[in-house]
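Knowing the structure of chain A, use the given hints to seat chains B, C and D on it.
Listed here are the chains, written in short residue letters.
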Amino acid sequence: MSATIATPAPGTTGRLTIRLVLIGAILVLAVLPVLNQLPAESTLHVSDFIVSITGKWITYAVLALAIDLAWGYAGILSLGHGAFFALGGYAMGMHLMRLIGPRGVYGHPTLPDFMVFLGYQELPWYWLGFEHFPYAVLMAMAVPGVLAAILGFLAFRSRITGVYLSIITQAMTYALMLAFFRNDMGFGGNNGFTDFKELLGMPLNTDNARAVLFYASLALLVVAFLACTRITQSKLGRVLVAIRDAESRVRFLGYDVTRHKLFVFVLSAALAGLAGALYVPQVGIINPGEFSPGNSIEAVIWVAVGGRGTLVGAVLGAFSVNALKTWLTTVAPDLWLFALGGLFVAVTLFLPRGLIGLFAKAPK
Amino acid sequence: MSDGYSPPLGRSKDSSAPVLYLDGVSVVFDGFRALNNLSLVVDAGELRAIIGPNGAGKTTMMDVITGKTRPTAGVVRFRDHDLTRLDEATIANLGIGRKFQKPTVFDALTVFENLELALKAPRGPFACLAWLLSGEARRRIEATVEEIGLTARMHDRAAILSHGQRQWLEIGMLLMQDPELLLVDEPVAGMTDQETEHTAALLVRIAGQRSVVVVEHDLEFVRALGSKVTVLCEGSMLSEGSIDHVQNDPRVIEVYLGR
Amino acid sequence: MSTTSLTFTRRAALAGLGAALAAPAIRPAFGQGAPIKVGVLHSLSGTMAISETALRDTVLMMVEWINGRGGLLGRKVEAVVVDPASNWPLFAEKARELLQVHKVDVTFGCWTSVSRKSVLPVFEELNGMLFYPVQYEGEEESRNIFYTGAAPNQQAIPAVEYLMSADGGDAKRIALLGTDYVYPRTTNRILRGFLNAKGIGNADIMEEYTPFGHSDWQGIVARVKRFASEGKKTAIVSTINGDANVPFYRELGNQGIKAEDIPCVAFSVGEEELAGIDTRPLVGHLAAWNYFMSIKGAPNEELLKLWQAHIKNPKRVTNDPMEATYTGFRMWTQAVQKAGTTAVDAVRTAMIGQKLMAPCGYEEEMLANHHLSKPVFIGEVQADGQFNIVWKTPNAVKAENWSQFIPENANRRRG
Amino acid sequence: MKRPLLGLLLLLLLALPVRAQDAFTGALPGLAGGFADIATAVERLGAAGDPRALPVLRALQEGRLQKAGDGRILLPEGAGLVDAATGQPAEAAGAGAEAVRLNNRVRQALRGALGRLQILSPDPAERQAAAEAVFRSRSAENVPVLRQALARETVPRIRTQLELALAASQLVGTDEAGKRDAVARLGSAGTVEARALLLEARGGNPDLVTAIDVSIATIERTLSLRRAAETLFQGLSLGSVLLLAALGLAITFGVMGVINMAHGEFVMLGAYATFLVQEFCRGIPWLAPWSLALSVPAAFLVTAAAGALLERGLIRHLYGRPLETLLMTFGVGMILQQAVRLAFGAQNREVLSPAWMQGTLLLPGGISVTQNRLWIIVFGLAVLLLVFAAIRLTRFGLEMRAVVQNRRIAATMGIRTGRVDAMTFAFGSGLAGLAGVALSQIDNVSPNLGTGYIIDSFMVVVFGGVGSLAGTLVGAMTLGIVNKMLEPWAGAVLAKVFVLIAIMLFIQRRPKGLFALKGRAAES
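Protein chains in written order, with full-length UniProt numbering: chain A, 1 to 364; chain B, 1 to 259; chain C, 1 to 415; chain D, 1 to 524.
Computed footprint of chain C on chain D, listed as stretches where at least three residues anywhere in the stretch have a Cβ under 8 angstroms from a Cβ of chain C: (1) 348-362; (2) 433-447; (3) 483-489.
Because the hints were derived from the structure by calculation, they are not lab data.
Glycine residues also receive a C-beta, built at the ideal position from the N, C-alpha and C atoms.
Isolated chain A (complex conformation) (with noise of 0.2 angstroms):
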C-alpha cells in the first residue's frame, strides 16, 4: 500500500507496461541511424529524409514535454513557448554562425554575412561568446529562462491567469517576432540564420552529424521526460496539480504560488530553449517565422492531441500531429490544412484527454 502513496493514478502494473512501451519506442526510434546505414535496397532501409525527420520530431516532443509540464500539471496554458523554443534556436543559431568563420560568402574572418553586408564593423557585444559551444547551450536555455522568469514574475504576481495569461504570452512572441524581423537587431532579420558548416568539428549535412544529433535529441528526450516524471510525482507535482484546480485554496495552505509556477515555468522554458537549440543544426535554419503566433499554439495543440498532463501524450501528440503534417502536405497538399483543422476540433470536442484517453484510464 505504502509504495503506491505516492504514485496515484496508474497502478504499479499499469506504471510497468507504461515503461515497457516507451522503452520499446526508444528503442524503436534509437535504431533508425543504424537502418539508414543498410544498403538502399535492403528492406529495412530507412532513407535520410526519414532519420532527420524523425530528429527534428524528437525535438518537437521535448518541447510538448515542456508545455505539458506548464499546462497539464500547472494549468499555466503559454501561448509563447514556440519563442522560448525559438530563443534556444537562434542561441544555438549563433553559435553555428560564429562556426562558419571565415567561410561565409564575404570571406570575412569574423563577422557573419548578413553582417557585412548591414555594414557592421565589428560584432554587436551581445555576440561575443558564443563561439563557445557551452555558452551557446548555456545561452539556450537562460535567455528563454531569465525570458520566462522576468514575464512570469510579473504576471503571476499579479495574480494572471487562464487565458489572461495566454493572451500576453502569445503577444510576447508576436512582439518578439515582429522584433527579430528587423534587420536592425543583428539577428539577420527575416532570413534568420542559414548556411551553417559545422557543429563540435563535425561538418553539418551528413549522416554522420545526422546520427549524432538524432541521438543527442533522443537523449534529451529521455532525460527530459524521466525529468519531468520525476517533477510530476514529487510533492511538487502535486502541489501544481492543486495550483491547476484550485490555485487560491493552495494560497491558504500557506504555499507562495508565485514561486512554485514561477519554478515551474523557468523549467519548462529553458527545456524548450534546449529542444529549440538541437532542432536548428537539424533542419538548418532559425528564423523569425518560429516566433510566430500560430507555431505555438499549434505545438500546445500536438500537447492537446495527445492528451495532456500525461506527458506520454505530449510525445505522442508531437510525433502523430507532425507526421500527419508531413504526409499530407504531400499527399494533399490543397485540403490538408482541412484535415489537421478538422483534427483539432475533433480532438478538443471529443477526446478532452486527447489520443491517450483512448488507451489510457481517467489520469489525474
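Relative to chain A, chains B, C and D alone:
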C-alpha cells in the same frame, strides 16, 4: 482525539494576549460597505462562533483576515503581525488556517495527498521537489485520516467523495496545517445530525490548544459549541455574548432571529 | 489500460508512416518508360500562397504541355506537388522529401529568398536541381540552382537610371521603401552605391523598412511627401513585398501622390498584385520587370493561350515570375533532350548556353553563372491593371549576380 | 519655352487667327513622335492658346487620341474620327491608327498645358483645377495669363490658388521685385508645395536667401502644427480600425468569455462578402453605387450566420473550458482560411472604393485627411453607438445581460439561454464582418486578411477592460494614437513592439484593464 495528533512544539503562548485583533475594519466595494467599522478580539485558545444574516460580512471578514481582501480602513493584527500587509500564503504560514464555506479540496488528488499537501512542512518548490514522506509524517496523516473517518477512502481521489466527506477532508487539511487560529466557514452545511454532533465535539476539542472562529447558520450547532457568540449585521457587530444572551437581544431578534 | 494497443499504435504509426513515405523509394530505379518526376515546391497555404499558387499552376501547365507533345525522352512527365506552407524550415524538409523519397529529377520552387536559402544546403548535399523563378538580390551562386528571375542589374539599376533620365522625370532625390528582408536591403544597398556613384548624396536618399504585411502606411507616405518637398524632383523606389502593396498603393492614391509629381517604381508589383487594386488613381506609377503581360509577339501569345486555357479563365493575368518559370521549364526540357538523360550533372552541363525565344520577345540565354540574360522593361500602370511599356533595353542584359556596387565583392571572382 | 513674353501676350490678347493656326497645326505632328516630341508638342499647344488645342489635349489625357500610320493626328468625334489639323472626317484612318501613349513627362506637360488653357474656363471647378495645375507646372510664361485670370476671378478660393500659382510662376521668372513678392506670399501659404518651391529657388537666388529662409521658417511653424494634427488623425484612424476589429471580440470574449481565434477569419469573411456584393452589383448599373452600403448588412448577416453556426455546432459544447475553445477555434480558423483560398483563389480580390471615399479632404487649417480613413473613423464610431444601443435599449440586449449576469435565474425567468448565447455570439461575429467591410477599403482582400488583426484586437480588449465597451473604445484609440506618435522616431515595427510591451506591463499593473469592473462580481 487520536494519539497521532501531537500538539505543536515550541509555540510560545501568552494566553492573556489576544491572538486576533480587528479594530475599525471597513471594506468598501464600489460604494457598498461590506464591512463597516468592525472590531473583534479573539483570545488564545478561544472558541468563537459568528452568526449573522446573509450579506452581514462574515465571509468578507474571513477574507480580510486571510489576506484575500485588503481592508479599506482599520487594523488587523495576528499576534505581532499586521495582516493587512501580508499575502495569503504568508498569513497561512503564520498559523492561520481556513476552511471555506464551499468545501474546496483538490479533486485530482487522493485523500492522502490532500492531507500531505496540507501537512506542515517547508513549502518552497525545491523543498517540495526533494520531499520524502517520512514515517512520522505518514503516521500523522494516517492518524488524521482516521480522525476524520476516511480511512477506507484514503487512496480515493477527492473528486468522488460525498459532500460531507469533503467537509471532513477539508477540516482534516486544516488540522494538518497545525494552525494557531482556525477560521471555519459553515463546517456542518450538508452534514447529517450525527456528523454535525461529531464536528462540534471535534471543534470544541481543538479549541483550547488553538483559537477557533466558526461561522455558522445552524443555531443548534452553535449552541452545541457552547462558546461566546458574535452577531454581525451589515458589516458591523450587532451583539456579543453567550448564545442565550444574543438570542434574547432585541436587536438581534429584529434583524435575524425574528424573521 | 490497454497497453498492447498503445504499443501497437505507436509502432504502427511510425512503421505506417515510414512505409507511406518510403514506398516510392523501394521501387526499382527508373527504367525506360518510367515517368520523369518534376517537384513543385511552392507554398499553397500561409502568407506566400498569394504569390506562389500561380507558379504551382504554371509548372502544372508546363507538365501538361510537355506531355501533350509526347513527353520528354519518350517518357511521361509527372509533377509531385507538396505544400511547404510558407514555413521556411518546412521548405528544407519538403526539399529533402522530394529528392530522397520521391526522387524527383528537377524541382521548380521557392519565392522568398529565405525559402531558397533554406533549401540550398539540401539541394547541394543531395545534388538536386532547383529552378528559382523570382527576381532576387543576387550575392549567391549555387551549382544546383538555376536562377531564371532577374539579378539586381537586370531590374533595379535600369529602373533607377530611367527615373533619373529626362523621360523618367529627372529624379534627384530617391525614397527607398522596402519590406524589411534581405532582397530590399540588398537591392537598396546596391542602389545606394549606384546613386552615390551618380552624384546623388546620402542626404537625398531616404530609406525606410516595414514588416511583412504592413497595412498602415499613413505615416510613411506622409513622410515621403515631406521628403519630396525639399525642392528637388523626387521619386520612390519600392521593394515592398506582397500583401503590403495593396494598402501602400491605396494610401499613395488617397494622399494624392500623382505619378507626374512623385513617380513610384516597384520591383515586386506585377499584374497579379495589381489585380487586387483599383489602379485608376495609380496610372503612371511604374514597375520594372523582364516581362509584362502586355508584350506583343508570338512567344507571349503562346504563353497567354496556354495559361488561360490551363486555368480556364480567359481573363487571368500572367506575370514575370510565371514567365521565368515557363522559360526555365522550357530550357530544362531542351537541356534534357540535349543531354539525353535527366541525370542532374549531365543536364547541368547541357543547361549552360541554352537559348530560348522567351515570351518577353527576346532571346534569353543561360549563362555560366546559372543566371539568364534578360531584357529590362519599364512599364507604367494603366487604368485596366496592365502595364504600358515606356522603356526597354535594346538587348538582353547579362546577369551580374555579384553586384559591382557592393564593395565586399571587389575581391571576389566575378560570376 | 524661350519665346518672348511680349509675343505671347500679343497672342493671347489679339488671338490672331493666322498665327494661332500656324502654332497649332505646327505643333500637332509632334504628337505622333516619341515621348519627348509629344511633351514638346503638348507644351507648344498649351502655349499657343488656340481653342482647338483643348479637345486634342483632353483626348490625349484620356487616352483617346489616335495617330494614323501616316503621322496624322486623329481626334475621336462621335462615332468616327476627325483629322485634328483640318477638322475634316478622316475616312480611311482606321488602318494603322493607334492610341498616342503617355508617360509621366507627357502627363506633366499635359497638366500644365491644360491648366493654362482652362484657367479662363467658365466652370469654377475647372478653373480651380487649372490654377493648381499651373501652380505645379511653375513656368514664368504663365505670369501674364495668371494676371489676366486674377483680374477676372471672383471666387475667393480660386483667387488664393491663382495668387499662389502667380507667385510660383514669378519665382522662376526674372523680375526681381516680383520674386521678392512671391517669396513672401508663398511663406504665408504654409504648404509643403510652397516649401518645395522656396527650397528649389534658394540655390539660384543668392540675394533672396534671407527672405526665403524667413518664409520657410513661417511655413515650418504652420506645418509642425498641421503635422501634429495629422498624426492625431492617423492615430485615430488606426484606432478606429482596431476598434472595429476588436468590437466583435468585446462581445464574444468580453461578454461571453469565449476566446474565438477564428475572429480574424470572420473579419476576412466580411471582406469577401463585400467583394461578392460588389460583383453582384457590378452588373446592375443603378445598384452599383450602393454596393458598399449594401455590403454592410450583407457582411453582418453572413458572418453572424457563420458565428451562430459555430456557436451552436461547436463552441457551446465547450462552455467553461476557454482554453479548449481557443484551440478549437484555431482549427476552425485554419479551415475557414483554406476554404476561402480554394473558393476564391489565393490572390487578392479587388474591392473598389466609391468616389466619395477616394482622395484627400482638406479640413480648415490646411489639415489634409484621407477620405477612406475619415469614413472608417465615422463608421467605427457609428458601429460602436449601435452596439451600445443594441445592448442597452433592445430586448435582446436585456436578455443578453441577464444571461451573462446569472444564467440560471435568467433561465427560470423564461429566457431561452441557448438562443441568447447563439445570438450574442452571432452578434459579435457580425461585428467582425463589419470590420471586414471597413478593412476591404484599406487592406488586402485575401485569405490572410484576418491574421494580422487578431492579436491586436485581443490586446485592445484586454487593455481596455474585458466587458467594457467604453474600455474598448478608449483602448483602441489610445493604442492607435500612441503607436502613431512613436512611429516617426521608432519606426513602424519598433513602435508596435513598444506598444505591445507597454500593454503587457500595464496588464501586470492592472490585470482587469483600463475600465475594470470592480467588486465581487469581477472576482470570479
